[in-house]
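Starting from the structure of chain E, add chain B where the hints point.
Next come the chains, spelled out residue by residue.
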Amino acid sequence: MKLRFAALAAAALAVATPAMAELVFPSLSYRTGPYAPNGIPYADGFADYMTLLNERDGGVGGEKITVPECETAYNTEKGVECYEATKGSGALAYNPLSTGITYQLIPKVTADGISLYTPGYGRTSASNGTVFSNVFNYPANYWDGASVIVKHLLDINGGSLEGKTLALVYHNSAYGKEPIRTLQELSKKHGFAFTEIPVDHPGQEQKSQWLQIRRDKPDFVLMWGWGVMNAVAIQEAVNIRFPMENLIGVWWSGSENDAIPAGDGANGYKAISFHGTGSAYPVYDDMKKYVIDAGKAAGDGSNVGTMLYSRGMYAAMVLTEAARKAQELSGVSAINAAQMRDGMEALDLTEARLAELGLPNFAQPIQASCADHGGPGSAVVFQWDAATKDWNAITDYIVSDADVIDPLIVEDSAAFAAENNIPARCN
Amino acid sequence: MFYREAGDFKTSYRDDSQTFPIWFDRWRYYAVLAVAFGVVPFLINDYWANAVFVPFLIYAIAAIGLNILVGYCGQVSLGTGGFMAVGAYACYKLMTSFPEVSMLIHVLLAGGITAGVGVLFGLPSLRIKGFYLAVATLAAQFFLVWLFNKVPWFYNYSASGQISAPERTFLGHFITGANTTASAKYLFCLVILVILAWFARNLTRGSVGRKWMAIRDMDIAAEIIGVNPLTTKLSAFAVSSFFVGVAGALFFSVYLGAVEVGEVFGIQKSFLILFMIIIGGLGSIFGSFAGAAFLVLLPVLLKNVLVGQLGWATDIAAHLELMIVGALIVIFLIAEPHGMAQLWRLAKEKLRLWPFPH
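Protein chains in written order, with the working numbering: chain E, 1 to 427; chain B, 1001 to 1358.
Extracted from the complex, chain E is given alone in its bound form (with noise of 0.2 Å):
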């Protein structure tokens, strides 16, 4: 029995390895679990806007590109078994988006020579790139996101928090408990309160939580949050009548998903992005075009032009931009995994070129480097409309403070250096 599973099996993995020739960006997505009302619209954006280069242009730079999907319901467990399967399909970059997943693969990835890409989660540390050669987390990374926030509660508080009380709302995970951290720091800087309330997985029961804040009334709630736990959160939050505009989200708690289920309510709710969104890009005119009405999207199609839709196609372009650095720098088409990191790591995305690819003012330029796989850090504030189902910006983009967060990295990525013998790079 076991000689015909293991025959079976070969057979199934073998089929399975697509043609080298091609530029292989595998998708380490998750359709299933309670995560999915998150994780559709991301892989969906991620697979539709490849799509739409292999179907526009060809590709890049001639050569095809394939995502393999793989599903891993936010596991670390089926996350390895999927880096394995594809990872010998001559893989150039992965993107899981799971923090427990992307903290896994880093060693991993560094050792096979292959990027990971990890745009707004991970490990926020792997911004320092002489110690991470093979992580890359531009635009933004959790800290920054936790510096905005308590910027942009600066502003509309007229520039002091003294005397305040923010409480964190946070999923009790790895992701969760990053920007913790920061937010002490910022806490002894701006003098105001600080509490953490951390909600366990999957995090469809949080009335004890809520009870907590309606009791201590914080002033602000900040939430990192992810899959149903959002929405449930969203939830709470209006039936304690707390004032929406006092909740701000990070990039993962600011989906449609997550705050349409709460209604009316839920109007005015904040949560920040390092990207647009909506499908007033003109990207989408082709999108419609060559995808969308030539029925080859992604999922059932519902998702375009959502936030997460938007990260996702963002997380692509940003690959696709960095493998056409690569082809540049190296001169071959058909560019290799150590070639792809190089062009990561001289990734120069301008505006001029967002809009020549039909997304201006999508996102902040990017300008990597040997050192700084960190990026610009800044994000915009948006605010939920429950009228029109619509995030609108309500602020310009905020840059995060790098006097705190810029020694936190340091200190942080010496320590996995020390801890794994790494020799510092960029010399």
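No lab work stands behind these hints, which were simulated from the structure alone. Don't take every hint at face value.
[As the list claims (entries may be wrong)] If you want a taste of the chain E side facing chain B, the calculated C-beta under 8 Å gives, among others:
#, residue
1, E71
2, E77
3, P107
4, A111
5, S173
6, E236
7, N420
[To be verified] Each pair of labels, with its calculated beta carbon distance range:
#, chain 1, residue 1, chain 2, residue 2, range
8, E, K64, B, L1147, 35 to 45 Å
9, B, V1035, E, T350, 35 to 45 Å
10, E, G191, B, G1311, 56 to 66 Å
11, E, D348, B, I1316, 33 to 43 Å
12, B, I1105, E, S208, 36 to 46 Å
13, B, L1126, E, L211, 32 to 42 Å
14, E, S208, B, L1230, 53 to 63 Å
15, E, G278, B, P1099, 45 to 55 Å
16, E, L211, B, T1231, 44 to 54 Å
Owing to the predicted nature of the structure, the values given are computational and were not obtained by experimental measurement. Here a beta-carbon is modelled for each residue, glycine too, at the ideal position from N, C-alpha and C.
Chain B in isolation, oriented as in the chain E frame:
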């Protein structure tokens, strides 16, 4: 024809009471060991190691451990995930505190620490049993996960609360970290599994195992014939937790490399391992292997067939996989309530007479 006792004469008590008294069985066992040690390490690649063999070997250790407690001693436990977490965090603390010590010692010490914790949480078993004990061990599960999330000392005050395995060696070979070869990972887990399974098998054949089974079958009667419930129950908890702790340590350090306690060692892990031994067969070492193989390998196989070979959408395949595995569990348990070990036993009975059943 092949599988028979006829003509296989035993001339000593030692021969008569060996683990595999039938010639064919014994040689099949040696053949499996020879393939596992002599062939697989040379053929294995990263995918087969990380997606198939290493998880199977580690889950088998955990399943044997739980089977000792539930199958042999009759003490229902839902705390397996929590005890695996103890093993993982103990291993992490040892690895980071004593980097120069061999990995094997860390893993065994982590098992020892888990055994101590297991005995502590086994104390209620002296007063309560059945469902009530299940609830008490459930409390252990939630308490331990909460503890490892709450106290930063356990994760060395890292920003994310995640523990990551640094590179550590055994006899000069990398066992943990990204530079570990597939065969080193596999062999390390295999050696530990073979030793532990051999130990468990012989333990259950000896006086300790007989005491466990006496307690399982009827505790009052066992007490009357002189079995001490205190030492018997607690020894079952200690041995079981040792196995589970070793499995947890390997799961974290060799298999995953980075662990988040709530996600990896949550209640669903306890249930998964309980399902393994129920499907495999309670009170059977072979059943632990069969159950672990069923629940680890089948999803991977289904995924490869549905997505890799048939090219279906990943979400449909993932949903179908749940349905197929669920349906198979129900079908198996209806066909044979005592698990796959019993199916195997019946198959052997039939094989003895084959091809002349009458």
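Each hint tested on the structure:
1. With its C-beta approaching chain B no nearer than about 4 Å, E:E71 sits inside the 8 Å limit, and its interface hint holds.
2. Checking E:E77 against chain B: minimum C-beta separation of about 7 Å stays under 8 Å; hint holds.
3. A cut of 8 Å between beta carbons decides the hint on E:P107: the least distance to chain B is about 4 Å, and the hint holds.
4. At about 4 Å, the closest approach between the beta carbon of E:A111 and any beta carbon in chain B falls short of 8 Å, and the interface hint on this residue holds.
5. This hint holds: E:S173 has a C-beta 5 Å from the nearest C-beta of chain B, less than the 8 Å allowed.
6. Annotation: E:E236 was flagged as interfacial toward chain B, and the flag is violated, the nearest CB pair being 20 Å apart, outside 8 Å.
7. Against a cut-off of 8 Å between C-beta atoms, the interface hint on E:N420 holds, since the closest Cβ of chain B lies about 6 Å away.
8. Taking the beta carbon of each, E:K64 and B:L1147 are about 51 Å apart, not inside 35 to 45 Å as hinted.
9. The beta-carbon spacing between B:V1035 and E:T350, approximately 59 Å, falls outside the hinted interval of 35 to 45 Å.
10. About 59 Å separates the C-beta atoms of E:G191 and B:G1311, a value consistent with the hinted range of 56 to 66 Å.
11. Checked against the hint of 33 to 43 Å, the C-beta distance between E:D348 and B:I1316 comes to roughly 40 Å, which is consistent with it.
12. Distance hint check for B:I1105 and E:S208: the Cβ-Cβ separation is about 43 Å, which falls inside the suggested range of 36 to 46 Å.
13. The hint said 32 to 42 Å for the Cβ distance between B:L1126 and E:L211, and at roughly 38 Å that hint holds.
14. E:S208 and B:L1230 have their C-beta atoms about 39 Å apart, which leaves the hinted 53 to 63 Å range violated.
15. The hinted window of 45 to 55 Å between E:G278 and B:P1099 holds, with their beta carbons roughly 52 Å apart.
16. At roughly 46 Å, the beta carbons of E:L211 and B:T1231 sit within the given window of 44 to 54 Å.
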